[in-house]
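J.: Taking the hints into account, I'd like the entire structure generated from these sequences.
Read top to bottom, the protein sequences are chains A and B. All the letters of the first sequence, read from the start, carry residue numbers 1 to 282 under UniProt numbering. All the letters of the second sequence, read from the start, carry residue numbers 1 to 446 under UniProt numbering.
Honestly, the hints are just simulated from the structure, not real lab data. Be aware that one or more of the hints could be misleading.
Now the stretches of chain B that chain A is said to cover, found in silico as 3 or more residues with beta-carbon under 8 Å [what the hints assert, rightly or not]:
#1 72-86
#2 99-105
#3 302-310
Glycine included, each C-beta is placed from N, C-alpha and C at the ideal position.
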Amino acid sequence: MWLFALPALLINICIILVPAVLTFTAAFFMWDGVGTPVWAGLANFQNMVADPVFWSALTNNFIWTAIFLTVPVCLALVMAAALLMAPKARIVVQSIIFLPRIIAVAVTGRIFQGMIFSPATGIVAWLNEHGFSISDPLADPDRSLYAVAAVDIWHWWGFLAVVFLSAMRQISVEQIEAARLDGAGFLQLFRYVLIPGIRPTLTLMLILTVIWSFQVFEFIFIVTRGGPAYGSEVLATFAYRHAFFEGDVGQAAAAACVMSLFGLCATAVYLWLQITDDAQST
Amino acid sequence: MTMTRRQLVAAIPAAALAANLPRSARAEDARKVVTFWFGQANSDGQAALRNDLVEAFNASQDKYLLQMEVKGAAVNNLLKVALVAGNGPDIVQTAGPAYLTAIANAGQVLPLDDFAERYKWKDRFLAPLLNTSVYGGKLYALPRDYESMHLFYNKELFKQNGWKLPTNRQEMEEVADAALAKGIIPFGAGNADWKGVNEWLMTVFFNNVAGPDIVRKALAGELPWTAPPFVEAVELSKAWYNKGYFGKNYFSLTIEQSFLQVVNGKSAMALGGTWSFGTKSYGMSKPDTVMDVMPTPSLGSAFTGPLVHLACGATLSIAKTSQNAEGAAAVFEFMLTRKFYETMNRDWPGKWALPVKDLPPDMLSGIGYPLFEKTVANLHEAFSKGQYGFTTWTFWPGATNSYLIEGIEQVWLNKITADAYLTRMQTLFSQEAKEGKVPPLPPRTA
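T.: Written out as structure tokens, the structure is:
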């Protein structure tokens with residue numbers, strides 16, 4: 001059995017375990033990225049927790065996680081259920097809602113930045129010219145995180161809907177028909193048949209959402225670079241800035257360790273749920 | 001020997017592959033390759049690099065073959081990783097002395113003293129710029145250009161409104177208030193595509209409010225950044241931001257959009273760098289341009305008169321692991337030819353203004369761009385005499401500079417006070433100064 005796992009194991013060791021160990025080790029050194037690393041003990045972690053920007057970045061990661069555990073998931077569940085009930089519209093609607101997912105992140109970011117939010121060239125500019133007083137949310141430190149989240153949700157929710165729809169289609173038709181014959185409406189069907197029927201998929205996607213939310217980087221970096229005034233800074237942009245703009249790889253590695261910690265917690269919860277499920281089913 | 005049809009068909013892909021191979025890989029080309037990674041370049045810039053540097057150098061001799069790759073904005077990150085891995089290019093271009101410090105201190109680039117001796121570079125470059133690349137008595141890079149912040153303005157707009165060119169803070173604010181009253185944005189400014197615009201502005205505020213001598217003292221560690229002149233500088237920047245001097249859309253507009261506001265008369269002025277001359281869409285090279293330019297006026301009581309700011313936008317070094325240091329030095333020597341200076345500055349003005357000591361007026365006039373020529377001539381004179389301020393991107397060490405850029409947004413948006421901003425800057429600066437990360441400071445004369 002180990003022989004079968006060997007290729008995957010080797011790839012994982014080379015491209016995941018080794019860099020992970022090196023990053024963890026780097027968190028205990030002062031290193032500018034080109035010189036000789038110097039042992040720093042816990043100094044990088046101490047400096048990090050003393051930096052108010054770290055805490056605002058961590059808070060933003062939690063806000064991001066909360067947004068992505070709710071808004072796109074709810075949208076996707078409703079859309080998946082609706083598409084399950086309306087098979088004729090399925091192909092067209094799936095294609096449309098999946099489309100944002102196949103557009104490059106950089107392109108999506110630039111479209112929203114330049115063609116929607118921009119007060120010079122975007123829809124916001126057009127609205128202002130027509131009597132609506134709307135400012136660019138990306139330019140407001142209190143709204144920029146939510147504005148970028150909106151862009152990412154647009155990019156993400158269709159994919160989630162397609163995944164949920166695939167899972168719902170595995171539910172036995174007899175079960176759905178029986179519920180309908182018993183008089184279940186859409187909401188009851190949704191609550192008592194569809195959601196329980198896709199629970200493993202839903203759990204997996206929620207756990208992955210937590211992991212990905214603590215790694216979020218591309219959209220924020222492309223659209224706001226964490227600003228203005230650190231308003232949309234998250235741990236990944238915090239780490240990137242330290243590593244590549246400030247020449248402080250140790251501090252960046254410390255932030256990366258915190259990001260990984262949340263990912264590990266989410267993974268542990270997922271494994272625990274799996275074990276619990278297995279125990280219940282045997 | 002005759003070939004069958006099948007052999008002929010089979011040979012086509014191989015021939016196509018051979019035709020696409022780099023010239024160095026071909027057996028008949030015995031030239032030694034010199035590799036060079038460049039950062040960002042617009043389409044005009046890429047054409048200038050290809051024609052005026054790569055092809056011109058390769059045609060000028062038959063020993064070396066220059067190969068350039070334009071790597072984009074991430075070049076600094078790529079370069080660091082490549083140098084550590086021993087796979088960097090022969091010619092190492094950094095974004096200025098502040099970036100060079102770590103690389104030179106780590107010994108990733110070669111000392112150039114032997115080449116400098118052979119080619120007499122120390123006699124041919126302006127000392128204040130060349131000396132920004134001297135560490136431990138050794139020269140590690142050549143300055144690729146000099147830059148400064150300047151006040152660009154729409155001269156037609158000034159004429160129509162009867163505004164006089166400002167020579168001090170009061171006059172500057174009078175013009176700005178008059179512009180605001182007419183619905184004109186005083187300064188076209190935007191950082192949506194490049195947060196470094198913040199430091200362009202702060203270079204002006206620190207130097208022109210506190211004065212260049214005070215700034216030099218702080219960079220030398222003789223005065224903390226929390227001193228009153230710097231508080232005044234930061235407070236003034238905040239007051240101008242809050243008054244709307246930079247417009248309502250500072251965080252939404254790109255550099256080009258904001259500069260074009262000045263060209264189109266929607267803004268009166270722009271605090272921009274001499275690299276602005278290189279963007280053709282601004283139309284400043286045309287004889288009928290509405291734009292004009294002047295050094296930035298004093299904004300405080302520390303000095304009177306205009307001020308330019310010493311900046312080196314890029315340094316050129318040779319990688320420690322280079323297999324062709326001689327070839328890289330030959331490229332540097334080629335850059336010092338009059339023909340290269342004229343063609344490169346004609347095709348991509350401001351990007352490659354080599355800080356050479358000998359800059360005869362007829363060499364500049366050959367460029368055919370009056371605004372650029374007069375600006376470079378003024379810069380050359382000021383830098384030669386030691387009369388300059390200090391730009392943040394050249395003299396502030398990395399972490400301090402990064403905070404200067406990011407933190408000032410917190411001040412402008414009322415998230416922290418000027419004192420808190422400068423206290424944090426001082427903490428970072430003290431640490432970096434202790435670690436030897438502050439680039440060498442050239443002397444200044446009043």
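J.: Broken hints, numbered, in rising order?
T.: Result: hint 3 breaks, nothing else.
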